Amino acid sequence: MLSINEISKIALKTEKVRLRLLEVIYNSRSGHVGGDLSVLNMIAALYYHTLKFDIQNPDHENRDRFILSKGHCVEALYCVLESLGFIDSDTLNSYGKFNSLLAGHPSNKIPGIEFSGGSLGHGLSLGVGVAIGAKMDNKDFKTFVVMGDGELNEGAVFEAAMSGGHFKLNNLVAIVDRNGLQISNSTEKVMTLEPLKERWETMGWEVLEVNGDKIEDCIKVLDSINYTIQKPHFIISRTTKGKGVSYMENALHWHHGVPDEVQYKQAVREISRSIEEWEGKIS
Amino acid sequence: MKSNRQSFTQTILELAKQNKDIIIVTSDAAGTVTLNQFAEELPDQLVDVGIAEQNAIGVAAGIASVGKKVFVCGPACFYSSRSLEQIKVDVAYSNSRIKIIGVNGGVSYGPFGATHHCLHDIAAIRAFPGIHILSPSDPVQMRWMTENLINYDFPVYVRMGRNPVPVIYDQGFEKFTIGKASVLKKGTDLTLVGTGETVYHCLEASEMLGQAGFSVKVVDIHTLKPIDKEMIIQSAIETGKIITVEEHSIYGGLGAIVSEIVCQNYPVPMKILGIPDENVINAQPQDIYKYYGIDYKGIYDTALAFLKD
Numbered sequence: 001m002l003s004i005n006e007i008s009k010i011a012l013k014t015e016k017v018r019l020r021l022l023e024v025i026y027n028s029r030s031g032h033v034g035g036d037l038s039v040l041n042m043i044a045a046l047y048y049h050t051l052k053f054d055i056q057n058p059d060h061e062n063r064d065r066f067i068l069s070k071g072h073c074v075e076a077l078y079c080v081l082e083s084l085g086f087i088d089s090d091t092l093n094s095y096g097k098f099n100s101l102l103a104g105h106p107s108n109k110i111p112g113i114e115f116s117g118g119s120l121g122h123g124l125s126l127g128v129g130v131a132i133g134a135k136m137d138n139k140d141f142k143t144f145v146v147m148g149d150g151e152l153n154e155g156a157v158f159e160a161a162m163s164g165g166h167f168k169l170n171n172l173v174a175i176v177d178r179n180g181l182q183i184s185n186s187t188e189k190v191m192t193l194e195p196l197k198e199r200w201e202t203m204g205w206e207v208l209e210v211n212g213d214k215i216e217d218c219i220k221v222l223d224s225i226n227y228t229i230q231k232p233h234f235i236i237s238r239t240t241k242g243k244g245v246s247y248m249e250n251a252l253h254w255h256h257g258v259p260d261e262v263q264y265k266q267a268v269r270e271i272s273r274s275i276e277e278w279e280g281k282i283s
Numbered sequence: 284m285k286s287n288r289q290s291f292t293q294t295i296l297e298l299a300k301q302n303k304d305i306i307i308v309t310s311d312a313a314g315t316v317t318l319n320q321f322a323e324e325l326p327d328q329l330v331d332v333g334i335a336e337q338n339a340i341g342v343a344a345g346i347a348s349v350g351k352k353v354f355v356c357g358p359a360c361f362y363s364s365r366s367l368e369q370i371k372v373d374v375a376y377s378n379s380r381i382k383i384i385g386v387n388g389g390v391s392y393g394p395f396g397a398t399h400h401c402l403h404d405i406a407a408i409r410a411f412p413g414i415h416i417l418s419p420s421d422p423v424q425m426r427w428m429t430e431n432l433i434n435y436d437f438p439v440y441v442r443m444g445r446n447p448v449p450v451i452y453d454q455g456f457e458k459f460t461i462g463k464a465s466v467l468k469k470g471t472d473l474t475l476v477g478t479g480e481t482v483y484h485c486l487e488a489s490e491m492l493g494q495a496g497f498s499v500k501v502v503d504i505h506t507l508k509p510i511d512k513e514m515i516i517q518s519a520i521e522t523g524k525i526i527t528v529e530e531h532s533i534y535g536g537l538g539a540i541v542s543e544i545v546c547q548n549y550p551v552p553m554k555i556l557g558i559p560d561e562n563v564i565n566a567q568p569q570d571i572y573k574y575y576g577i578d579y580k581g582i583y584d585t586a587l588a589f590l591k592d
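Heads up: the protein sequence lines correspond to chains A and B, in order. Here the first sequence is numbered in our numbering, starting from 1 and rising by one per residue. Here the second sequence is numbered in our numbering, starting from 284 and rising by one per residue.
Next up, chain A with everything else stripped away, as it sits in the complex (with noise of 0.2 Å):
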């Protein structure tokens, strides 16, 4: 278990990111900064906490694999992938600029990147067969997929959800960003989720569920997945779509709005904070 310094160094590296995010948005005057806002906490768990990787040799055969099956908010994936090296600035600056490498959903052109994606309910599938891969070849690295929840409406995710547990593949784990709001209003007045919980336990899924606004809790139920149980994990991550810049919270503008100059400076303020109180619990 990490100790709170550890955990506090994690949070102080994930709002910074968020402010570099801010930033990337701000510039290229595009991105889903809404979900990219919420979904963030987890992406940076995973990379900086839980998956195993190794930057000098990326394509390791036992590396574990991470799919963003909801494309649309890669610029949060970006950003981290620069945090750790797989991508350098200036690839990340040409965000959303004539050719650049970087579009505004995921390729595997991109290092650090499995699967190129972007349309909804892609992820899981692909999820699924990486799992089964690896039991194949009695591999004992995990999968990780992060959907989002609105994505949760397209009919291909239920087939690969039945056939994660038709298989109990118990190496699969799919972290649902359940911020609550899709692209045209909340989720449950667009199509209905809930009982989300119960839904994915009756398809054969082991289910937990965390706040996802921290990312203290975000490590502590990554951790806390128990391998042996042979289902896979489904994570009900319970977010805020937009987190950690007030206007934007819960905000159905922001689902791919764009800060003008006001806009960002108080965005850039209010993250700044955060940053600040984080480096005041390091010691």
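Incorrect hints may have been included.
[Stated by the list, open to error] Derived SDA-like pairs: lysine to any residue, alpha-carbon spacing no greater than 25 Å straight-line:
id, chain 1, residue 1, chain 2, residue 2
1, A, 135, B, 380
2, B, 303, A, 109
3, A, 13, A, 170
4, B, 303, A, 167
5, A, 197, B, 326
6, A, 139, B, 289
7, A, 109, B, 326
8, A, 135, B, 364
9, A, 231, B, 326
10, A, 135, B, 329
11, A, 168, B, 297
12, A, 139, B, 329
13, A, 231, B, 331
Derived from the structure by calculation, the hints contain no laboratory data. Bear in mind the structure is a predicted one, so any value in this text is a computation, not a measurement.
Given chain A's structure and the hints, the job is docking chain B onto it.
Frame of chain A, contents of chain B only:
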């Protein structure tokens, strides 16, 4: 006679017994593909995801990412429509080197009706960068094709029919090479360009046309993408007239591909034989071929009129 799907399954079973990295993914379609023996003998190398073609493609791409040689097998009509986006994104865009084996393509489901006919797959899948398209004409070629596909370093879609077909490649023809068209007969008056199961009918029609005094070249386009552009241009130069024959919509299939090349490089008169823009009549495949004039007799009639034109 045996079907191309049986040729595929017999060959892949032999190969998979020697190579445990060969994996079949299917969607409650082992029987449809004639994979029952494979399922019985190599159950650990077959993954059945149930009636879920979208999932099958994603799962296959996932399994392939850990180094397996993955073949996804099921009805062409469903893989080329229901899981089209997965083919676009998870296979072509991601460069997942899986092989999608679409069986019972074209009109080979016969009286099953329009939902099961597959007349759009070449047009649809060809538009995705990075994926290759193959269309075997007989069981011998199907065997060669399967052997080649094990280590072929591109994503591939293979379309084939359901029913037994005559053998063509037992007559000393050169072994097939992906990307190179096969010339089955030389000629100077007209080129018949076929793909898949229409190739046999092109050959038969060419014999009849020979008896009528015409010299007809026959080309088998078993690789629709990447297409053998040089062979098509050469045929236009040599014979001055081309007829394409396909078990596909006349929109966006072999005829359209050949036309693109001919009209931009060496324009010659052409005719495109295939399925018109309508839902196919309900009938046995051979009767559908006859009705739309893509059997040897229909090809002969069109060719004779074209040659006398």
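Hints, verified against the model:
{"no.": "1", "hint": "A:135 to B:380", "result": "20 Å, holds"}
{"no.": "2", "hint": "B:303 to A:109", "result": "29 Å, violated"}
{"no.": "3", "hint": "A:13 to A:170", "result": "30 Å, violated"}
{"no.": "4", "hint": "B:303 to A:167", "result": "20 Å, holds"}
{"no.": "5", "hint": "A:197 to B:326", "result": "33 Å, violated"}
{"no.": "6", "hint": "A:139 to B:289", "result": "34 Å, violated"}
{"no.": "7", "hint": "A:109 to B:326", "result": "34 Å, violated"}
{"no.": "8", "hint": "A:135 to B:364", "result": "30 Å, violated"}
{"no.": "9", "hint": "A:231 to B:326", "result": "21 Å, holds"}
{"no.": "10", "hint": "A:135 to B:329", "result": "13 Å, holds"}
{"no.": "11", "hint": "A:168 to B:297", "result": "30 Å, violated"}
{"no.": "12", "hint": "A:139 to B:329", "result": "18 Å, holds"}
{"no.": "13", "hint": "A:231 to B:331", "result": "18 Å, holds"}
Consistency note: the structure conflicts with the earlier hints numbered 2, 3, 5, 6, 7, 8 and 11.
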